[in-house]
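The chain contents come next:
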Amino acid sequence: MSRSNTSPFIGAILNPDPLYLPVYSWKIAAGATTGFASPSQDYELDRLDLNKHYVTNPPATHYFNVGKQYDSMIDAGIFPGAMLIIDRSIAIKHNSVVVAAVDGEFIVKRLYKRAGVIKLLSENKEKNYPPIVFNEGQELVVFGVVTNAINPI
Amino acid sequence: MPSTPFKPVFALADVNSMYCSCERAYRPDLRNTPIAVLSNNDGCVIAQTNELKALGISMAQPWFEVEEEARKLGVVVFSSNYELYAEFSNRFVETLRHFAPRVEVYSIDECFLDLTGMKRDLNALGHEIKDTVLQWTTLPICVGMGHSKTLAKLANKVAKKQTQFNGVCDFTSMSQSELDALLETLDVEKVWGVGRQLTAKLNKLGVNNVLRLKRADPKRIRDEFGVVLERTVMELNGESWLEFTEVAPPGKQIMSSRSFGQRLNTINELEEAIVFHASNATARLRKQGQFASAVHCFIQNSPFDQAPFYGMSLTVAMPSPTDCTFKINKAALYLLRQMYKPEIYYQKVGVMLMELVPAEGQQIDLFGFSAKNDKSDRLMKTLDRINDKHGRGMLRLAAEGNNKSWAMRRSFKSPNYTGNWKELPVIGQPFA
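So the protein lines, in turn, are chains A and B.
With the first letter of the first sequence counted as 1, position 152 gets the number 152 in the numbering used here; the numbers rise by one all the way through.
Remember, the numbering used here sits 1000 above the position in the second sequence when you count from 1.
Just so you know, the hints here were simulated from the structure itself, not pulled from any lab data.
Check before you lean on any hint, since a few could be wrong.
No more than 30 Å apart at the CA atoms, straight line, and that leaves these computed lysine-lysine pairs for BS3-like [what the hints assert, rightly or not]:
#, chain 1, residue 1, chain 2, residue 2
1, A, 52, B, 1341
2, A, 52, B, 1130
3, B, 1422, A, 68
4, A, 113, B, 1422
5, A, 127, B, 1422
6, B, 1160, B, 1204
7, B, 1007, B, 1190
8, B, 1130, A, 93
9, A, 68, B, 1413
10, B, 1330, A, 52
11, A, 68, A, 119
12, A, 52, B, 1348
13, A, 52, B, 1160
14, B, 1157, B, 1190
Label pairs and their in silico Cβ distance ranges [stated by the list, open to error]:
#, chain 1, residue 1, chain 2, residue 2, range
15, B, 1276, A, 13, 37 to 45 Å
16, A, 115, B, 1419, 39 to 47 Å
17, A, 150, B, 1200, 42 to 50 Å
18, A, 17, B, 1267, 32 to 40 Å
19, A, 151, B, 1430, 21 to 29 Å
Glycine included, C-beta positions come from ideal geometry on N, C-alpha and C.
The whole structure should be built from the sequences, with the hints applied where relevant.
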């Protein structure tokens, strides 16, 4: 450690010992693939990237194909043959469009969850598929919330 | 390692029955069904769920021996699907990176996290990690924590086997007497790096539980058994001494890695290092008479440099198990290119060959016999170039035949759910 006696300024200490600080928690940032600031973030090019746009949390993102006969949700914008992007880290709420496993297959429906009533609703004005009601004691296991449906033209 | 005011804390997170859990990911109908996964050519059982273990079918048992019994008990069987397991492994690791800056991949289903300096209830953190991995990736895991990697690994075993911990066991929050009482109930064989032979020798000397091993005189241990066991004893006492290259389980994976004296920055320098390690690991693979089904690569800067820590790793499944230097190099270089960032100054890289299978029964490349010969490298490159241009399978080895009767049997392989757009799970189609 060296200091100047004549200067009014306090000299900097050369090579100080590292100061170790405790960590209270790491922020879970959906969308950040490393969960903390990457040193390279300043250097990314400004380019449109479908991956980054549609997938905010890669390890929690899952993909499904909608069967060619499946028209239960066309009024919600999900057509037969669509590809669904599901994010399992998004909270499941009333009115979420969700993928669930019911009666031996995956289905995609709008979730109704109000005042202790749980239903899975279809959205097809013409076919008018009946809702699936979950009575007390029955369990609905939701796979995840649909964030996007990609319908090929 | 510089001394810090914080005692090191490591966590080991591992997936329960990894292969089986991956097969269950998009098959909710199999949540409570016993599952068996078979090795290449559907030879042996290499993975099984708890329900199956309870039925008494042992690991590595030839499938034909147990098939009839298993079917009667309702077992659903799958052929190994390494593409699926590698993808889920990457997701598992990526999720863990949200909880700690330093995540070290130890195998396809186990990672160490460095939790040193966290001023948080570690038990609660462990549960948060477990719940988040399950929620995001569907994989069930257990988490063990300790002041050394050996203790973390032991805590993980305890978390898995003793249900009162609910999957998370933190040794660092236990008092000395509480921990010692627990260690006294555990066999020495449960300790990382202590195999069957060593257990027998230790038991003969009266060291028949982990507490006794912990209290053994390190010098005596070194004289009798060598430096690695001495370090294990010190690790059991809460001092961090081991690098896991020293304790890698034989036959399970092969790791080749090194820290550099100076920093590497250009892609060329890194490629050279990767090729060295990939070739090194492959040479050891051949010596062991094995093939690798997956290749793992990691790159990182130094945790002690000024810049924030950057560490990345990725795993890729090989199209078929291989011991070909060229193919493994190609895979490792491909992974490097996915992870390389030009502004980082790297200090350590490594290549790990995973999911090793015995060489017998594998299809031997016709060109493989002269693998060391550079003529075969050129042949391989030409083969690959033609296949890339005209589609995989354009040129095949004659041994593969045209009617596929020679092709590796994988009759029960699940779809490539996570690697092929045409094989995604389907809405509106029955599971089975």
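Evaluation of the provided hints:
Between residue 52 (chain A) and residue 1341 (chain B) the alpha-carbon distance is near 17 Å, which keeps this suggested pair within the 30 Å criterion. At roughly 26 Å between alpha-carbon atoms, residue 52 (chain A) and residue 1130 (chain B) fall within 30 Å of each other, so this suggested pair holds. Of the supplied pair hints, the one linking residue 1422 (chain B) and residue 68 (chain A) holds, its CA atoms being roughly 13 Å apart against a limit of 30 Å. Distance restraint check for residue 113 (chain A) and residue 1422 (chain B): the Cα-Cα separation of roughly 33 Å exceeds the 30 Å cut-off, and the hinted pair is therefore not satisfied.
A hinted pair counts as satisfied when its Cα atoms are at most 30 Å apart, and residue 127 (chain A) with residue 1422 (chain B) qualifies at roughly 28 Å. Taking the CA atoms of residue 1160 (chain B) and residue 1204 (chain B), the gap is about 28 Å. The hint holds against a cut of 30 Å. Among the hinted pairs, residue 1007 (chain B) with residue 1190 (chain B) is consistent with the structure: their alpha-carbon atoms are about 24 Å apart, no more than 30 Å. At most 30 Å may separate the alpha-carbon atoms for a hinted pair to count; residue 1130 (chain B) and residue 93 (chain A) meet this at roughly 23 Å.
A C-alpha spacing of about 24 Å is found between residue 68 (chain A) and residue 1413 (chain B), which places the hinted pair at or below 30 Å, so the restraint holds. About 27 Å separates the Cα atoms of residue 1330 (chain B) and residue 52 (chain A), which keeps this hinted pair within 30 Å; it holds. Restraint check for residue 68 (chain A) and residue 119 (chain A): satisfied, since their Cα atoms lie roughly 24 Å apart, inside the 30 Å limit. At most 30 Å may separate the alpha-carbon atoms for a hinted pair to count; residue 52 (chain A) and residue 1348 (chain B) meet this at roughly 28 Å.
Between the alpha carbons of residue 52 (chain A) and residue 1160 (chain B) the distance comes to roughly 36 Å, so the proposed pair goes past 30 Å and is violated. Straight-line distance between C-alpha atoms of residue 1157 (chain B) and residue 1190 (chain B) comes to about 8 Å, which keeps the hinted pair within the 30 Å bound. Separated by about 41 Å at the C-beta atoms, residue 1276 (chain B) and residue 13 (chain A) satisfy the suggested range of 37 to 45 Å. About 43 Å separates the C-beta atoms of residue 115 (chain A) and residue 1419 (chain B), a value consistent with the hinted range of 39 to 47 Å.
As the Cβ distance of residue 150 (chain A) to residue 1200 (chain B) is approximately 60 Å, the hint placing it in 42 to 50 Å is violated. Taking the beta carbon of each, residue 17 (chain A) and residue 1267 (chain B) are about 36 Å apart, inside 32 to 40 Å as hinted. At about 24 Å, the CB distance of residue 151 (chain A) to residue 1430 (chain B) agrees with the hint of 21 to 29 Å.
Going through the hint list in order, the structure does not satisfy hints 4, 13, 17.
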